[in-house]
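A.B. asks: For the record, the sequence lines run as chains B and U. With the numbering used here applied, the first sequence corresponds to residues 89 to 208, in that order. With the numbering used here applied, the second sequence corresponds to residues 985 to 1090, in that order.
No lab work stands behind these hints: they were computed from the structure. Incorrect hints may appear among the rest.
Below, in silico cross-link-like pairs of lysine-lysine (BS3-like), each with a Cα-Cα straight-line distance of 30 Å or less [said to hold, decoys possible]:
| # | chain 1 | residue 1 | chain 2 | residue 2 |
| --- | --- | --- | --- | --- |
| 1 | U | K1029 | B | K164 |
| 2 | B | K164 | U | K1026 |
| 3 | B | K153 | U | K1045 |
| 4 | B | K164 | U | K1045 |
Coverage of chain U stretches by chain B, computed from C-beta distances (three or more under 8 Å per stretch; other residues unrestricted) [to be verified]:
| # | stretch |
| --- | --- |
| 5 | 1032 to 1044 |
| 6 | 1054 to 1063 |
The model shown is predicted, which means the values in this text are computed figures rather than measured ones. Positions of the beta carbon are idealized from the N, C-alpha and C atoms, including for glycine.
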Amino acid sequence: EVRLVESGGDLVHPGGSLRLSCVASGLTFSRYNMDWVRQAPGKGLEWVSYISRSSNTIYYADSVKGRFTISRDNTKNSLFLQMNSLSAEDTAIYYCVRENLAVPGVLMDWGQGSPVTVSS
Amino acid sequence: DIRMTQSPSSLYASVGDRVTITCRASQDISNDLAWFQQRPGKAPKSLIYAASTLQTGAPSKFSGNGSETDFTLTISSLQPDDFGTYYCQQYYTFPRTFGQGTKVEI
């Protein structure tokens, strides 16, 4: 069974930083492209970032470009999201998502989410 | 960016009803369209990808149709555990974009 477990979410002041982690199990992590998707309280889903399995290709949503950095460590089955210059608009649950191996872009398995609150 | 528009935004239905949700893309996305179900307080679950391919483990009461710009998700016989919010999402290009969601209330 595939498991994705996020951690690192917290209450942070505006302008602050936070690093989210996601540990994967039940799969060969290095074979899969990964994404972060977030959901603000009471709102819909917003795609945040993508990283290819070898970290060669990375994309960001315009709303986080220049402030967030996605990375991975395939030796530790881990995905990361470094978030800097946080604002209230970044308050959300952040989900780690595995893509379909055979059909790139298809978001298959989701973690339980890590809540991030940006408030003074 | 490709804009995804779902309709309706919410609906009420009865147990046993056949329910259809529509998703429209602002440009041709071929069949690079997925559907997700999200129950309150839970992570989204994948239902459909490639517009009409049922995700492994998803119940067969869910079906998808469409191509290019117009897509539908149909629930053949609504059950109490089908309440929640349904989202479409395009993966034709970056940035990936989601519809605003359709809340299904029983």
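A.B. asks: Could you run down the list of hints and mark each one as holding or not?
C.D. replies: Outcome of the hint check:
1. U/K1029 x B/K164: Judged against 30 Å, a Cα distance of about 25 Å means the pair holds.
2. B/K164 x U/K1026: holds (26 Å)
3. B/K153 x U/K1045: violated (39 Å)
4. B/K164 x U/K1045: violated (38 Å)
5. 1032 to 1044: holds (count 3)
6. 1054 to 1063: violated (count 0)
Taken one by one, the earlier hints fail for this structure at numbers 3, 4 and 6, listed in ascending order.
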